[in-house]
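Engineer: Letter by letter, the chains look like this.
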Amino acid sequence: MMVRADKTTVDTNTGAEDVGLQYRTNGLLSQLALEVRLAVSTRSKRRAGDLLFKALTATLALVAVLPFFLLLAEVVAVGSAELVGSGIAFLLTNPGPGLHGGIANAIMGTLLLVAVAGGVGIPISIFAAVYITEYTRPGLLRSAVEFAADVLAGIPSIVFGAFGFTFLVGFLGLGMGLVAGGLTLAFMIVPTVLRTTQEALKQVPVSLREASLALGATRWRTTWSVTIRAALPGIVTGVLLAIGRVMGETAPLIFTAGNNLQAPTSVLGPGSWVASMPYTIWAYISDPREYLQVKAHATAVVLIAMVLAVDIAANVLSRRLTRRLV
Amino acid sequence: MAYEHKIEVEDLRTWFGDRQILKGISCYFEDNSVTAVMGPSGCGKSTFLRTINRLNDMVPGFRATGSVRFEGNDVLAPDADVYELRRRIGMVFQRPNPFPMSIRDNITYGPKLHGVRDEGELERIVEDSLRKAALWDEVKDTLDSPAPHLSGGQQQRLCIARALSVDPPVLLMDEPVSALDPISASKIEDLIVQLKKDYTIILVTHNVQQAFRVSDQAAFLYMGELVEFDKTRRIAEAPEDPRTEAFITGRIG
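Protein chains in written order, with the numbering used here: chain A, 1 to 326; chain B, 1001 to 1253.
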């Protein structure tokens, strides 16, 4: 309030002085009237401009976040009928005849796929990041890996799907199923986790590594016990965000994972075909039967909740680790 | 091998790439006493210190000629056991750099590296090292809390305790108080004087007053050369070289 009042006074004064100089010859009264008029108009013009800009940005901010709320509202509005109607059974039963029943196959499938993707992709990316950051000097090799990872992170997921189909399913002869689908998702995890791990390792002060070396530790021991430990909050965040992202990917799975109305029964072969939540949403929503539309939305609610849970876990865990370590 | 002093340096020259840092240094370090290596920033004193425990090996383009003998063996020899060397020559850094783990784990890290597994033995090392670093009374009830939560001065004493945990006869200290407040700094200076009873200490500092307060011998390094090396008192009272005099009177540095 104070500030605004001050500003107004200043504005008026400047205006008055300018005008005053120009119109010195005029009568005192008319000069004063002019001054007041001009001052008021400048002031209100400026204020209006300010207000307009504020309104504009506020509107755009609303437009920016609106889709999220609309989406949530739509998904919940349509899907809640199923969630309320079937309750927990929706999560715990497999689809029956006519695809009535729950989505246990999809939940189980997504968890399995993410487990394979994470189990393969996370160690590869972390070790690659450790090698690049700790054992190579800045130079061509490091730049090449960083560039490749950045490009890889930007490649549309359908391309990963096509690659998984050609390379894993076809060339390597893995066939569709849990392994091919999980590995395709692993390819998608690698660039994100590699880069976030690398950034986290770079943040660890050189003097921490030196302290360990100066005690007679080998380099790998230093990396393992000190550097990675210090970088852990950043690494964990990167891993969980990458997992949260691939949990919702459909495109890479269409040609690689197949589909299944129950949990997979084998690791390779037709028995390893596996459903996933995004695939199920896509399949159900493309179906003309109305109750499947509802189920698709209900599945979406569950998926959003799961991704949200992973994001929150990333936040909480990283904050807790930071507090404990640093 | 027979030797007179634990650490003897002969005609040490070092380079980072094409840039020569040390230009032929020869000196020795008296056992169980504090030798200050002083000089203005960039004179090569840190490089000198980090050559003794081969920590410069990590720096791309580093090269050294001449010899640094520790207990008669050449530290710079390609077949020198650098891990054992670093166990026997401890180091304290300019900024406190505790590991991101508990106070206890900071101390047991070194002994565990070198094969100490016995819990009782580790327990003894923790108390012993912390006592020697004058930190035991302050942390004995919070050994399992994170080390980075300690104050700066406490962290630096923890780092000293960590260096002592592997029982090194020699302690290298690279401006150990320059990042601390005056009270913490003077505590650590007192500690250094205490520790020389049992350790051979090499203290790098750009602070002349500190060198005079705590050291028995002093070496003055200037632009990579060892300008003067003698008893601290002699250098303080009657510097022989005009550059030394300029440094201790504050005209260079």
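What the hints contain is simulated information worked out from the structure, not anything from laboratory work.
Where is the CB? At the ideal position from N, CA and C, for every residue including glycine.
You may find that some hints are simply not true.
Taking CB as the label site, the calculated pair distances span [unchecked claim]:
#1 A:203 <-> B:1017: 37 to 47 Å
#2 A:207 <-> B:1120: 45 to 55 Å
#3 A:143 <-> B:1058: 15 to 25 Å
#4 B:1058 <-> A:61: 14 to 24 Å
#5 A:202 <-> B:1225: 48 to 58 Å
#6 A:137 <-> B:1080: 49 to 59 Å
To give a feel for the contact side, a few chain A residues facing chain B, derived at Cβ under 7 Å [to be verified]:
#7 137
#8 138
#9 139
#10 141
#11 142
#12 207
#13 208
#14 211
#15 214
#16 215
#17 230
Engineer: If a hint holds in the structure, say so; if it does not, say that too.
Structural biologist: Here's how the hints hold up against the structure:
no.	hint	verdict
1	A:203 <-> B:1017: 37 to 47 Å	violated (27 Å)
2	A:207 <-> B:1120: 45 to 55 Å	violated (32 Å)
3	A:143 <-> B:1058: 15 to 25 Å	holds (21 Å)
4	B:1058 <-> A:61: 14 to 24 Å	violated (49 Å)
5	A:202 <-> B:1225: 48 to 58 Å	violated (36 Å)
6	A:137 <-> B:1080: 49 to 59 Å	violated (24 Å)
7	137	holds (6 Å)
8	138	violated (10 Å)
9	139	violated (10 Å)
10	141	violated (14 Å)
11	142	violated (13 Å)
12	207	holds (4 Å)
13	208	holds (5 Å)
14	211	holds (5 Å)
15	214	holds (4 Å)
16	215	holds (4 Å)
17	230	holds (5 Å)
Hints 1, 2, 4, 5, 6, 8, 9, 10 and 11, counting from the list given before, are not met by this structure.
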